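If you're matching them up, the sequences are chains A and B in order.
Count the first sequence with the numbering used here and you get residues 1 to 267, in order.
Count the second sequence with the numbering used here and you get residues 1 to 267, in order.
Please keep in mind that the hints were generated in silico from the structure rather than gathered at the bench.
Check each hint, because a few of them may be wrong.
Since the list gives no way to pick out one identical chain from another, each pair is judged satisfied if it fits inside one copy or across any two copies.
[To be verified] With a straight-line cut-off of 25 angstroms between C-alpha atoms, the simulated DSS-like cross-links for lysine-lysine are: (1) Lys215 x Lys111; (2) Lys177 x Lys190; (3) Lys58 x Lys112; (4) Lys27 x Lys112; (5) Lys27 x Lys111; (6) Lys177 x Lys27; (7) Lys134 x Lys44; (8) Lys215 x Lys256; (9) Lys44 x Lys177; (10) Lys266 x Lys190; (11) Lys227 x Lys240; (12) Lys256 x Lys189; (13) Lys256 x Lys134; (14) Lys266 x Lys112; (15) Lys27 x Lys116; (16) Lys177 x Lys266; (17) Lys216 x Lys44.
Model, not experiment: these values are computed from the prediction.
Protein chains: 2
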Amino acid sequence: MSKQQLHIIKIGGNVIDNSENLYHFLKDFTALDGYKILVHGGGKVATQLSETLGIESKLVDGRRITDIETLRVVTMVYGGLINKNIVAQLQRFGNNAIGLTGADGNFIRAKKRPVKTIDYGFVGDIDEQSIDPKSIGRLMDAGFTPVFCAITHDGEGQLLNTNADTIASALAVALAKLYETTLIYCFEKKGVLQDINDEESLIREIDPERYEELKKQQIIHSGMLPKLDNAFTAINCGVKAVIIGHSGDLGQLKQKQSFGTRLTNKK
Amino acid sequence: MSKQQLHIIKIGGNVIDNSENLYHFLKDFTALDGYKILVHGGGKVATQLSETLGIESKLVDGRRITDIETLRVVTMVYGGLINKNIVAQLQRFGNNAIGLTGADGNFIRAKKRPVKTIDYGFVGDIDEQSIDPKSIGRLMDAGFTPVFCAITHDGEGQLLNTNADTIASALAVALAKLYETTLIYCFEKKGVLQDINDEESLIREIDPERYEELKKQQIIHSGMLPKLDNAFTAINCGVKAVIIGHSGDLGQLKQKQSFGTRLTNKK
Chain A
1 MSKQQLHIIK
11 IGGNVIDNSE
21 NLYHFLKDFT
31 ALDGYKILVH
41 GGGKVATQLS
51 ETLGIESKLV
61 DGRRITDIET
71 LRVVTMVYGG
81 LINKNIVAQL
91 QRFGNNAIGL
101 TGADGNFIRA
111 KKRPVKTIDY
121 GFVGDIDEQS
131 IDPKSIGRLM
141 DAGFTPVFCA
151 ITHDGEGQLL
161 NTNADTIASA
171 LAVALAKLYE
181 TTLIYCFEKK
191 GVLQDINDEE
201 SLIREIDPER
211 YEELKKQQII
221 HSGMLPKLDN
231 AFTAINCGVK
241 AVIIGHSGDL
251 GQLKQKQSFG
261 TRLTNKK
Chain B
1 MSKQQLHIIK
11 IGGNVIDNSE
21 NLYHFLKDFT
31 ALDGYKILVH
41 GGGKVATQLS
51 ETLGIESKLV
61 DGRRITDIET
71 LRVVTMVYGG
81 LINKNIVAQL
91 QRFGNNAIGL
101 TGADGNFIRA
111 KKRPVKTIDY
121 GFVGDIDEQS
131 IDPKSIGRLM
141 DAGFTPVFCA
151 ITHDGEGQLL
161 NTNADTIASA
171 LAVALAKLYE
181 TTLIYCFEKK
191 GVLQDINDEE
201 SLIREIDPER
211 YEELKKQQII
221 HSGMLPKLDN
231 AFTAINCGVK
241 AVIIGHSGDL
251 GQLKQKQSFG
261 TRLTNKK
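One chain only, chain A, in its complex shape:
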């Protein structure tokens, strides 16, 4: 029996912080056929709430530290405010969403990042073996659409702040065992661009060979490199394709077209 289609879509602040963008995205997400999972990041609200509460943002080497106060804020904002408002919007469109952290359903366990030179605080690195695709499958088969925020747990009662991009790719790799899985990263550009200042210079497809060429020609720059490296890692672990594109173009997928930049193992 051939595997059923699953789309895992990650959105970030550029969609969440703009209510019009979010509205259109959630409508297009609802219209997508087949199984689907939404993963969302934070946005500006957590930073604003921290500032209002007088919680100092601590950055070490450009990376944010999650102290206990910051963990409380992200649990409130990601797990409560953003997640539940997205769920209510999806319900309005007839999409039977359930909002989740990795603690819910024990779906994603993580380990508190060990302290080497930097103590990141309550940041979790995902234990990929902890994601049981059958358990998430049971939730979807019961008629529900999972909506994950960027929080996991350690299985010992501790919630942990976890990168949403990583949650999306870890879910995709685990679920690829049961579903024909496409992982979609929505961001503020049309996709990977030949010329970063020209939105019309979209590169539609990249396979590993092309990727090596683009890196040699220095068309792919530092910011995109980790994103694309992670994408090809997911593909090597069984994910069928990774799409990187603009949230406003998701509707094109409904018309059996792709959108943005499609990364695959073959042309």
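Assemble the complex: chain A is given as a structure, and chain B must be docked to it using the hints.
Just chain B now, with coordinates in the frame of chain A:
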């Protein structure tokens, strides 16, 4: 085929605000056999956060008004902070919990309370017909324990603040169609007391006849009246029994004993 047992248990601030009480309660809750659902209220954190954020608590005739700022706070605190920490604790004990608002799974819809003399703001009155016991049953059959916070939605994208006691009884009445349902209200006393100052004067059972007597003798006072009236309404709608008791005594249920005050239709 006889119906399977379901316990719906509501806890309030006196359990949530005390981490030791909460720990023991969640352990006892996990140990309960059969299907179970947890419903939790708010506690002090929402009030504290509102104060810190400079949101004025507006009371009209002693009842709290939920303006848009207060709704944001309760969505963060009930739906995020409290709900997800309870879920993480339950997972630690091996209870596969999923934290929910009424928007998740479209489980509980409500109508924004119409403005008559008082505008309560974003407060929802539950549409009892909206609760589909089969849908909640599918979630439980998939292996998950629902944990509801005191938030519902109107089906049009709007979250609404809703009384946790009412959520618990509405769930109990709807699920009584499919399950042999016991509704349990945990509060700060041992149960209904013959003498309010004597915890040893617990009344173990009350049926409708006894209830009328206790009211006549003025043993049941104003504060308990609405609680007990609601309880008997739930029983008349098919709920097998309602227990009112202390969260610390829940463990007695495991030993096939009851605890607190048990309200039923028959002796």
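Margin query: Of all the hints numbered above, which does this structure not satisfy? Sort the numbers upward.
Written below: The structure conflicts with hints 1, 2, 6, 7, 8, 9, 13, 14, 15 and 17, although it agrees with all the remaining ones.
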